[in-house]
Amino acid sequence: MNSDIEMLDKRRMRYLEWYLIGFVPFIILSLTRYFFRLGGLNSQPIGRAVLIGLILSMLLLAVSTIASAILGRTIKNEPSLNDALQNELVRSLEVQSWKAAYVGAVGTTIFFAVAWFFYPINDPVMVALTSIIVGAGAYQATFYFKYRSS
Numbered sequence: 001m002n003s004d005i006e007m008l009d010k011r012r013m014r015y016l017e018w019y020l021i022g023f024v025p026f027i028i029l030s031l032t033r034y035f036f037r038l039g040g041l042n043s044q045p046i047g048r049a050v051l052i053g054l055i056l057s058m059l060l061l062a063v064s065t066i067a068s069a070i071l072g073r074t075i076k077n078e079p080s081l082n083d084a085l086q087n088e089l090v091r092s093l094e095v096q097s098w099k100a101a102y103v104g105a106v107g108t109t110i111f112f113a114v115a116w117f118f119y120p121i122n123d124p125v126m127v128a129l130t131s132i133i134v135g136a137g138a139y140q141a142t143f144y145f146k147y148r149s150s
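Using our numbering, you'd call the opening residue of the sequence shown number 1 and step up by one each time.
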């Protein structure tokens, strides 16, 4: 049973790692696409390459999120796994991670609000999507790094 618990814990961390691997390029490419739009470069080959990278990073985010959700449901449905893997440390880290998610989403929204004074923002859907994904990334990163350090 301990080997199953350790295996599931490692798998949970692996899914978080893959999420973070997709998160960093998403943020960089999202901001790049935003500034390319201002310069009219999105229809150029470089803009299309950024779009393809953005789609691939979103696909990686989606796959790792779905895999984490399936693993979380498996853990919650099995009482022995739930007791072992949803301990007080994990619950405490989840609370801290939700706070980081809120700060990340609000911070991104403030960033775009300040940028609006200098550049016109013509894509509110991308702003909202980026803010939501930054919040989710802040949650995942906080949980991952604090869990690894404990």
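Warning: the hint list may mix true and false statements.
Simulated crosslink set (DSSO-like; lysine-lysine; CA at most 27 Å straight-line) [said to hold, decoys possible]:
hint, residue 1, residue 2
1, 146, 99
2, 99, 10
3, 76, 99
Simulated restraints on C-beta separations [to be verified]:
hint, residue 1, residue 2, range
4, 106, 55, 23 to 31 Å
5, 148, 80, 40 to 48 Å
6, 94, 40, 38 to 46 Å
7, 7, 122, 45 to 53 Å
Hints are computed from structural coordinates only; laboratory data are not their basis. For each residue, glycine too, the CB sits at the ideal point set by N, CA and C.
Going down the list of hints, with the structure as the test:
no.	hint	result
1	146 / 99	13 Å, holds
2	99 / 10	24 Å, holds
3	76 / 99	23 Å, holds
4	106 / 55: 23 to 31 Å	26 Å, holds
5	148 / 80: 40 to 48 Å	24 Å, violated
6	94 / 40: 38 to 46 Å	43 Å, holds
7	7 / 122: 45 to 53 Å	48 Å, holds
Checked against the numbered hints above, the structure violates only hint 5.
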